[in-house]
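K.L.:
Sequence:
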Amino acid sequence: MARRIRDAKLESRTAREKLAVRRKPYFKQVTGELYIGYRKNRTCGVWCVRRYEGDGHYSLETFATADDTADANGKDVLDFWQAQDHIRDLHKKAGEPKRPITVADAIADYLTWMEGHRKSAQDARYRAEALIIPTLGKTQVADLTAKDIRDWIQKLIKTPPRLRSKKGSEPKFREMPSDDPDALRKRKATANRTATILKAALNHAFREGHVSSDIAWRRVEPFEGVDAARVQCLEVKECQRLVNACEPPFRQLVQAALETGARYSELAAMRVADFHSDNATVTIRQSKSGKPRHIILTDDGAELFKRLTAGRAGSETLFFKEDGSAWGDCHQLRPMAAACKNAKISPPVGFHGLRHTWASLSVMGGMPLMVVARNLGHADTRMVEKHYGHLAPSYVAEAVRASAPRFGFAKDNLAVLR
0 MARRIRDAKL ESRTAREKLA VRRKPYFKQV TGELYIGYRK NRTCGVWCVR RYEGDGHYSL
60 ETFATADDTA DANGKDVLDF WQAQDHIRDL HKKAGEPKRP ITVADAIADY LTWMEGHRKS
120 AQDARYRAEA LIIPTLGKTQ VADLTAKDIR DWIQKLIKTP PRLRSKKGSE PKFREMPSDD
180 PDALRKRKAT ANRTATILKA ALNHAFREGH VSSDIAWRRV EPFEGVDAAR VQCLEVKECQ
240 RLVNACEPPF RQLVQAALET GARYSELAAM RVADFHSDNA TVTIRQSKSG KPRHIILTDD
300 GAELFKRLTA GRAGSETLFF KEDGSAWGDC HQLRPMAAAC KNAKISPPVG FHGLRHTWAS
360 LSVMGGMPLM VVARNLGHAD TRMVEKHYGH LAPSYVAEAV RASAPRFGFA KDNLAVLR
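For the sequence shown, counting from 1, position 69 maps to 68 in numbering that gives the first Met the number 0; every step adds exactly one.
Warning: the hint list may mix true and false statements.
Derived pair list, reagent style DMTMM-like, types lysine to aspartate or glutamate, alpha-carbon separation capped at 20 Å [said to hold, decoys possible]:
#: 1; residue 1: 290; residue 2: 114
#: 2; residue 1: 23; residue 2: 70
#: 3; residue 1: 146; residue 2: 213
#: 4; residue 1: 198; residue 2: 181
#: 5; residue 1: 198; residue 2: 147
#: 6; residue 1: 27; residue 2: 88
#: 7; residue 1: 187; residue 2: 122
#: 8; residue 1: 154; residue 2: 181
#: 9; residue 1: 198; residue 2: 150
#: 10; residue 1: 287; residue 2: 246
#: 11; residue 1: 185; residue 2: 220
#: 12; residue 1: 343; residue 2: 237
#: 13; residue 1: 154; residue 2: 223
#: 14; residue 1: 236; residue 2: 181
#: 15; residue 1: 320; residue 2: 246
#: 16; residue 1: 137; residue 2: 108
Here are the simulated distance ranges between beta carbons [what the hints assert, rightly or not]:
#: 17; residue 1: 160; residue 2: 406; range: 52 to 60 Å
#: 18; residue 1: 74; residue 2: 282; range: 47 to 55 Å
#: 19; residue 1: 275; residue 2: 158; range: 44 to 52 Å
#: 20; residue 1: 313; residue 2: 400; range: 25 to 33 Å
#: 21; residue 1: 247; residue 2: 133; range: 39 to 47 Å
#: 22; residue 1: 346; residue 2: 305; range: 18 to 26 Å
#: 23; residue 1: 235; residue 2: 402; range: 28 to 36 Å
#: 24; residue 1: 313; residue 2: 406; range: 56 to 64 Å
Just so you know, the hints here were simulated from the structure itself, not pulled from any lab data.
All C-beta atoms, glycine included, are put in the ideal place defined by N, C-alpha and C.
Using the sequences provided together with the hints, build the complete structure.
P.N.:
Right, here's the structure in full:
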């Protein structure tokens, strides 16, 4: 039997009578993660349990009335020792794995959680359904080994990239040259991204208590040096040609992307009220990170948004298609490809390339990397430095030459012998 914890202030009703009435419970640690708590009320106190959930978060739950005025009955009225035993029972049950689940079950649970907490749930669902579940879906998470995961990763590397096809149709694959190092790098990068989703789902199952160990997937390391920065951006003249080649409704969307650096999904969700003419900014309410941000516009950008919002209700969707409907998932693909073809832009750039274009041209124009990162919605400059830092060598050089120490050493009469 586990050793009981003693506390002179909580053990007896006489001792508890001397405590001050307060909302915050009086706590005593029972195990590493569990604390027994006593909340002193004006009439009768209650027992509660505080549990450490990780990441600095605690949960608090009241489970019984204290025996301050009535004798303990072992059910809803407990003394200090019975309350301890109740908490230890909770700890024991929490340590036992829940029902056995498969990898497919773990992914389904994780995606359900992800839809309420992350903006990238759709991409994770696609990758899971196409690349994870067909191979590992039926495997019990408890039976999954590091070798199973490594074998699956090797299979991913050898499988050519999938082509976009209708849901339910036979998958099609792009030809992959066997002697192309960059093609292999791309497949390893894809394997890394997909394995990240698998590990996240398995970690979620571990935190929920469905499996007692996470060592199998912790032993699997990602490939290093395969996420090379792949930035395709346009020159100013190419941007002008592209805009001129777009049909009117799509042209407005492209212009807005070039003026803001916003993602397609962010623009598609934008409302008229998200433009603020008084300070020339637009608000992104639905971002990839889930955090809203404000994008500062240039004079040209502000003028564009003034034209787009003039005389319209704030609740209206800002950008819409020719038939008046909203821009949805993948609706930008065909008009973007057609515009690139008509503008003779080769290789063609995707809509996300407009975001890269805004960032690249801003960096080359001397905008500080932190300012670029803020407008793009990044918490720091790491991603900006990775993709665009090479475009600002003069910025780094000027910073060093302006801020590095000067020692003022006296010149001597030594000369280099030739």
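K.L.:
Hint by hint, note whether the structure agrees.
P.N.:
Against the structure, the hints come out as follows:
With a CA separation close to 15 Å, the supplied pair residue 290 and residue 114 stays within the 20 Å bound. Distance restraint check for residue 23 and residue 70: the Cα-Cα separation of roughly 24 Å exceeds the 20 Å cut-off, and the hinted pair is therefore not satisfied. Distance hint between residue 146 and residue 213 is fulfilled; the C-alpha atoms sit about 14 Å from each other, no more than 20 Å. For the hint pairing residue 198 with residue 181, the CA-to-CA distance comes to about 25 Å; that exceeds 20 Å, so the pair is violated.
Restraint check for residue 198 and residue 147: the C-alpha separation of about 13 Å stays at or below 20 Å, so the hint holds. A distance of roughly 17 Å separates the Cα atoms of residue 27 and residue 88; the hinted pair therefore holds under the 20 Å criterion. Proposed proximity of residue 187 and residue 122 is supported: the alpha carbons are some 18 Å apart, at most 20 Å. The straight-line distance between the Cα atoms of residue 154 and residue 181 is roughly 18 Å, inside the 20 Å bound, and the hint therefore holds.
Proximity of residue 198 to residue 150 is assessed by CA-CA distance (about 15 Å); at most 20 Å being required, the pair is judged to hold. Distance restraint check for residue 287 and residue 246: the Cα-Cα separation of roughly 28 Å exceeds the 20 Å cut-off, and the hinted pair is therefore not satisfied. The straight-line distance between the Cα atoms of residue 185 and residue 220 is roughly 17 Å, inside the 20 Å bound, and the hint therefore holds. Distance restraint check for residue 343 and residue 237: the Cα-Cα separation of roughly 9 Å lies within the 20 Å cut-off, and the hinted pair is therefore satisfied.
With a CA separation close to 18 Å, the supplied pair residue 154 and residue 223 stays within the 20 Å bound. In summary, the hint linking residue 236 to residue 181 is not supported, as the alpha carbons are separated by about 30 Å, beyond the 20 Å threshold. Simply put, residue 320 and residue 246 have alpha-carbon atoms about 10 Å apart, close enough for the 20 Å limit, and the pair holds. Restraint check for residue 137 and residue 108: satisfied, since their Cα atoms lie roughly 15 Å apart, inside the 20 Å limit.
Between residue 160 and residue 406 the CB atoms are about 56 Å apart, so this pair conforms to the stated range of 52 to 60 Å. Here the CB-CB span from residue 74 to residue 282 is close to 54 Å, well matched to the stated 47 to 55 Å. Against the hinted window of 44 to 52 Å, the Cβ-Cβ separation of residue 275 and residue 158 comes to about 48 Å, which satisfies the hint. The supplied range of 25 to 33 Å is broken by residue 313 and residue 400, whose beta-carbon atoms lie about 49 Å from each other.
Taken as a hint, the range 39 to 47 Å holds for the pair residue 247 and residue 133, whose Cβ atoms sit roughly 43 Å apart. Take residue 346 and residue 305: their Cβ atoms lie about 34 Å apart, and the range 18 to 26 Å is violated. Here the CB-CB span from residue 235 to residue 402 is close to 31 Å, well matched to the stated 28 to 36 Å. For the pair residue 313 and residue 406, the beta carbons lie near 60 Å from each other, so the given range of 56 to 64 Å is met.
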